[in-house]
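Chains as they are written, first to last, in my numbering: chain A, 19 to 103; chain B, 33 to 312.
Bear in mind the hints are in silico, worked out from the structure with no lab data behind them.
Cβ atoms here follow ideal geometry from the backbone N, Cα and C, with glycine treated the same way.
All clues stand as given, with none of them false.
In silico contact screen, one side only, chain A against chain B (beta carbon under 8 Å); selected entries: (1) Ile30; (2) Cys32; (3) Glu33; (4) Leu34; (5) Lys45; (6) Arg54.
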Amino acid sequence: MILKVTFPNKCIGCELCVLEAQRQLQKVGFEGSLIRVLRGRGDKGIGFSVELDPRINKLDIKKLQTICPTGVFTISEEDSDEFNQ
Amino acid sequence: MNLTSKKILLIDLEKLTYEVKSYTELQRYVGGVGLGLKLMDMFGEKDPLIISIGPLNGFFPYASKTSIVVNDGGVIEDFYIGGTMAARMRFTGIDSIVLNNTAESETILEILNSDVSFKRGETSSGSLGLPGRRSILSLDESKALLDSYFTTPEYFLENKFAKKNIKTISLTGTEVVSPLLMEKYQNLYHTLLARKHELSVNESSQPSCVNCPMGCERSKTGELGGNVLIHSLVACQYAEKIYSDVGIIFSCLNILGYDYTHEDIENLPGLIEETLKKLS
Numbered sequence: 019m020i021l022k023v024t025f026p027n028k029c030i031g032c033e034l035c036v037l038e039a040q041r042q043l044q045k046v047g048f049e050g051s052l053i054r055v056l057r058g059r060g061d062k063g064i065g066f067s068v069e070l071d072p073r074i075n076k077l078d079i080k081k082l083q084t085i086c087p088t089g090v091f092t093i094s095e096e097d098s099d100e101f102n103q
Numbered sequence: 033m034n035l036t037s038k039k040i041l042l043i044d045l046e047k048l049t050y051e052v053k054s055y056t057e058l059q060r061y062v063g064g065v066g067l068g069l070k071l072m073d074m075f076g077e078k079d080p081l082i083i084s085i086g087p088l089n090g091f092f093p094y095a096s097k098t099s100i101v102v103n104d105g106g107v108i109e110d111f112y113i114g115g116t117m118a119a120r121m122r123f124t125g126i127d128s129i130v131l132n133n134t135a136e137s138e139t140i141l142e143i144l145n146s147d148v149s150f151k152r153g154e155t156s157s158g159s160l161g162l163p164g165r166r167s168i169l170s171l172d173e174s175k176a177l178l179d180s181y182f183t184t185p186e187y188f189l190e191n192k193f194a195k196k197n198i199k200t201i202s203l204t205g206t207e208v209v210s211p212l213l214m215e216k217y218q219n220l221y222h223t224l225l226a227r228k229h230e231l232s233v234n235e236s237s238q239p240s241c242v243n244c245p246m247g248c249e250r251s252k253t254g255e256l257g258g259n260v261l262i263h264s265l266v267a268c269q270y271a272e273k274i275y276s277d278v279g280i281i282f283s284c285l286n287i288l289g290y291d292y293t294h295e296d297i298e299n300l301p302g303l304i305e306e307t308l309k310k311l312s
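Required output: the full structure, derived from the provided sequences and hints.
Structure representation (structure tokens):
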């Protein structure tokens, strides 16, 4: 099972996913997060892109999917390359 | 994380120098507007621009604003900006940034935790700070915009930026904290997050403040004045129903390790009023 950024255009930049990933690693903050929300220019003056570190799939990805208020993430059944090695 | 004192980043724009000082005596001002007003009392003759967060910022949902206090032509104004700034500032380890005096020429401040680099006006804002961990507050034609979107009410911030020759402030926080009561912290976090229906704004799909799922249409323009307890924490005014409950405030503070008492919180409005009287 892997977490995918399927609808990046829905991201509102709340970073609840970033902070949830950190809490699962017993920490609070942004440094070293396995999810990163990057900001740039977009339709509303600001646009977002979401980057995932493959190690994110070792966390509770269902919880990461459901904490997103706008449904940016989906969970795919396929195995990640990391686990096939 | 400062549990018994307030860590203040003092920047002198005239000399382009900075220092970090810890003040135990400022702890009772809690944060945000309370702390900002007291710092205005301490540094008023240097016409400071004071940016402050409160003890809950970065940790709990809807505690997502940053307080700004200025003297605007003899009137002390407090106003609030949403977006990323409060969360980034939390992880710099700094409670307040005090920008004293005036720069000789247009200046960009790049703040990384407790360190400040002073750059010339032509530096591209995209080259400042660390992606994913930074906030960029920049004077863009007529408005000061945070991350190209969030603003503050009126033109107090813009006037102060122009007067002090500040073009941009980039703020990056890379500290990481592990609350001692991590499990309790996580439970309370999710309990508060689940109370989003108690906020007095509707959910939307606009750019949101960090740690808030609402994406509301109000956060873009910031806040002006209001409940001093909410603005000392510094929570969103639309979460007033949650953060005006002293029991919740204590649960949050205790889980993080603060030793504030009921009296400290109850006495805060009086302390702020007293400080305001001194300022006027």
